[in-house]
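Novice: So the protein sequences, as listed, match chains A and B. Position one of the first sequence corresponds to residue 1 (the numbering used here), numbered consecutively onward. Position one of the second sequence corresponds to residue 1 (the numbering used here), numbered consecutively onward.
Since the hints were derived computationally from the structure, they do not count as laboratory data. A couple of the hints might just be wrong.
[What the hints assert, rightly or not] Reference listing, derived: stretches of chain B covered by chain A, where coverage requires no fewer than 3 residues with Cβ under 8 Å from a Cβ of chain A:
| no. | segment |
| --- | --- |
| 1 | 5-15 |
| 2 | 180-189 |
| 3 | 195-204 |
| 4 | 274-286 |
The beta-carbon is built from N, C-alpha and C at its ideal position, and this holds for glycine as well.
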Amino acid sequence: MAAQAAITLSHVTKEFTGGVRVLDDINFTVSPGEFICIVGVSGCGKSTLLNIIAGLESASSGSVEVPSGRASVMFQDPSLMPWLTARQNVELALRLRGIGREERKAEALRLLDLVNLRDATEKLPHQLSGGMKQRVALARALAQDRAVLLMDEPFAALDAVTRDLLHDELERVWRETGRTIIFVTHNVREAARLGDRVVLMTARGGHIAHEWSVTVERPRQIEEPSVSTIAGSISGALRAELAKVHNV
Amino acid sequence: MSNPAAESDTRSLEHRLDALQAGPAAAKPRRLNWLSSVWPPVVAIAVLLLIWQSYCWIAQPRPDLYPSVIDVWSAIVANWQSGRLPMALGTSLSRGALGFVYAIILGTLVGFLLVEVPLLRRAFGPIISGLQVLPSVAWVPAAILWFGLSDATVYFVILMGAVPSIANGLIDGIRQVPAHIRRVGLVLGAGPVALHRFVLFPAALPGYLAGLRQGWAFAWRSLMAAEIIATGGKLGFGLGSLLQQNRELADLPGVLATVLTILLLGILIEVGVFTPIQRRVLQRRGLTEAR
Ligand SMILES: Nc1ncnc2c1ncn2[C@@H]1O[C@H](COP(=O)(O)OP(=O)(O)O)[C@@H](O)[C@H]1O
Ligand SMILES: [Mg+2]
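Using the sequences provided together with the hints, build the complete structure.
Specialist: See below:
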């Protein structure tokens, strides 16, 4: 293929001090504009993998290539600066990018409108609901203007209704901005709802157990039968992974 | 592919959910808030004065040993008219303010230095905490020997009182910044300077302010103590000196008048400066209920 991959992982291994091997020979590539979901049980190494791609941790061996430069990252905790309004939080990211004052404000308002927060731009984080905070965090991540967006269980703490709406929102934002997204979750239905491709990690040992291509047409609904079918198959594989752990 | 009708439906649903879940934005009327913090201490003081005055009316104690409120008030008026009280107020306040500014600069620098260099922090952290416990009046004799009866003595004692609290407030404030806030700063691409300026220092502000408040209290106490102990020479005439002078004149109403003035000044600065700043900072972060 002529097109360069957005992310290439080859033979990535990670051991923490004490010799526990959390990731073992992970290989995969992500195409530009692709939406990848990584699923796996808690503690299987999803966050470690994401942090390595983000450059927040280094791999013990192997190589990680992100030709577009550093990625932006979103975590389960929105981690907004509590002393800044929604707009100022987004502006902080722009400022750290070196954008001038005038342009900052207009751009922050545009991004907050993109995540449907036009009416909350002057609110402080403690005045926002969990879903709204996470959308501010999304706008802030988008403000970094990086081709790759890494998301570590960003919706895990939200209620189901809010989460469904945020899936729609994220799908739309992804389509409009053309980002490459790696989305980590332990929620199988969420993975099937969002991903072009779903990668399942083994419960122990740090391998990739299985991969699915999800070709369901977008925009999708989480309760769609075609989405549910794929979720069912991922879920089955996930349970098989768990069963192996118990048999050891 | 995309379906505009479904999309606008999502957006309006989301708006409704936001309206339901978001907290109230309404800020309370500020004047009411301020008044509500002022009247309780005012009433408390009035009640205390009333009890004191009633005791003097009823029990008729010796006025030179137990002066009434009215005697003390007359002493305040007399000290004011003689020009001694205004001069002492001016001297002490300007020394206190200037000394406190020096202490803020020094304390903040020391704080940042210890935050940045872990080895220094481990080495000097306990010493600074120890200095916080040591009453800074203990430095007065040494300061007099080093600097003589000059303003340098007073400023030295103020610094020894206030710098440890301010440095410690900043260190604690920065150490208590949640790891995820720091991590976001790094993820957003902040370099070391930007990280401190835009993330760590603002995040540490509540702890820093607590340190400043305590630092001021120590500075003010140290100043009064230094002025009582060290008088004469090139030293200006401060509230502590006035107190001492009134004692030498065996003027108890004058002594009590000075004590009341010092107390009142402390309350005014507390209620008028630190409390409102601290409250605004905490409220903005949603760290206090409005009441
Ligand atoms: N800094 C660390 N030091 C040692 N072990 C760690 C560290 N971070 C994570 N681990 C371990 O690595 C494993 C994978 O963690 P993590 O990547 O957070 O899993 P997940 O995100 O899939 O729940 C866990 O067993 C965890 O205890
Ligand atoms: Mg995790």
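Novice: Output the numbers, in ascending order, of every earlier hint that fails for this structure.
Specialist: Every hint satisfied by this model.
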